[in-house]
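*Asks:* What follows is each chain in one-letter form.
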Amino acid sequence: QKEVEQNSGPLSVPEGAIASLNCTYSDRGSQSFFWYRQYSGKSPELIMFIYSNGDKEDGRFTAQLNKASQYVSLLIRDSQPSDSATYLCAGRPFGNEKLTFGTGTRLTIIP
Amino acid sequence: DTGVSQDPRHKITKRGQNVTFRCDPISEHNRLYWYRQTLGQGPEFLTYFQNEAQLEKSRLLSDRFSAERPKGSFSTLEIQRTEQGDSAMYLCASSRGTGAQETQYFGPGTRLLVL
Chain A
1 QKEVEQNSGP
11 LSVPEGAIAS
21 LNCTYSDRGS
31 QSFFWYRQYS
41 GKSPELIMFI
51 YSNGDKEDGR
61 FTAQLNKASQ
71 YVSLLIRDSQ
81 PSDSATYLCA
91 GRPFGNEKLT
101 FGTGTRLTII
111 P
Chain B
1 DTGVSQDPRH
11 KITKRGQNVT
21 FRCDPISEHN
31 RLYWYRQTLG
41 QGPEFLTYFQ
51 NEAQLEKSRL
61 LSDRFSAERP
71 KGSFSTLEIQ
81 RTEQGDSAMY
91 LCASSRGTGA
101 QETQYFGPGT
111 RLLVL
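Those protein sequences? They're chains A and B, same order as listed.
When the count follows our numbering, it moves up by one through the first sequence with no breaks and lands on 111 for the last residue.
When the count follows our numbering, it moves up by one through the second sequence with no breaks and lands on 115 for the last residue.
Calculated from the structure, these hints are not laboratory results.
Where hints are given, some of them may not hold.
Unchecked claim - Computed Cβ-Cβ distance ranges for the label pairs, DEER-style:
| hint | chain 1 | residue 1 | chain 2 | residue 2 | range |
| --- | --- | --- | --- | --- | --- |
| 1 | B | Leu-39 | A | Pro-81 | 17 to 25 angstroms |
| 2 | A | Lys-42 | B | Arg-59 | 24 to 32 angstroms |
| 3 | A | Ala-17 | B | Ala-100 | 26 to 34 angstroms |
| 4 | B | Lys-14 | A | Asp-55 | 45 to 53 angstroms |
Every value quoted in this text rests on a predicted model; they were computed, and no experiment measured them.
Ideal Cβ positions, reconstructed from N, Cα and C, are used throughout, including at glycine.
Take these sequences, add in the hints, and give me the full structure.
*Replies:* In structure tokens form, the structure reads like this:
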């Protein structure tokens, strides 16, 4: 079992709708979780991080963490064509520096 | 531009040759990380430095790979006797410190193709 798992997609969402991206993790010692966006051929770009149970909102993005279920999600409201990219979920255990990434979910926003 | 920079951006080499990549972190960041990413996969951790000390190395980092950060500023990653399986994007990231809120910021990457 991979430490961080994501549905590879592709996930297609109409423009203006809510895109929901999900991630599960196996290491209960994971402390912080990060969502990165990666356009084709480019490097990962940080969107947001979360380390407390519950929701965290930043503009059109909301990250959700449920430690009991070992589940992290990212919601993108009012999806735009420019949101089309691969979204990477990463976890970091307490006291450890390295990020463990999932394989990413490819999101396509349909105009 | 005050972000992480990497050089070169692209490298094509023949199998068996040595290659060296450079990373310049964000200036106030004392932690520097190397990751490798292949097509369709997420980045995989290779190694990281706190200042000039190399504190962790992945099993992925075979003895053909070596990384340095001699003055705690820029870092180099060298691959000796390259193999076709080394073809990947090599990503460098930096962070300011430790703690739940510390985030890693990635450079543009060096794309390596071994023929």
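*Asks:* For each hint, tell me whether it holds in the structure or not.
*Replies:* Structure-based check of all given hints:
In this structure the hint that Leu-39(B) and Pro-81(A) lie 17 to 25 angstroms apart at CB holds, the actual value being about 24 angstroms. Hint check: Lys-42(A) to Arg-59(B), Cβ distance near 27 angstroms, so the stated range 24 to 32 angstroms holds. Roughly 32 angstroms separates the CB atoms of Ala-17(A) and Ala-100(B), a value that falls within the hinted 26 to 34 angstroms. As the Cβ distance of Lys-14(B) to Asp-55(A) is approximately 51 angstroms, the hint placing it in 45 to 53 angstroms holds.
Checked against the numbered hints given earlier, the structure satisfies every one of them.
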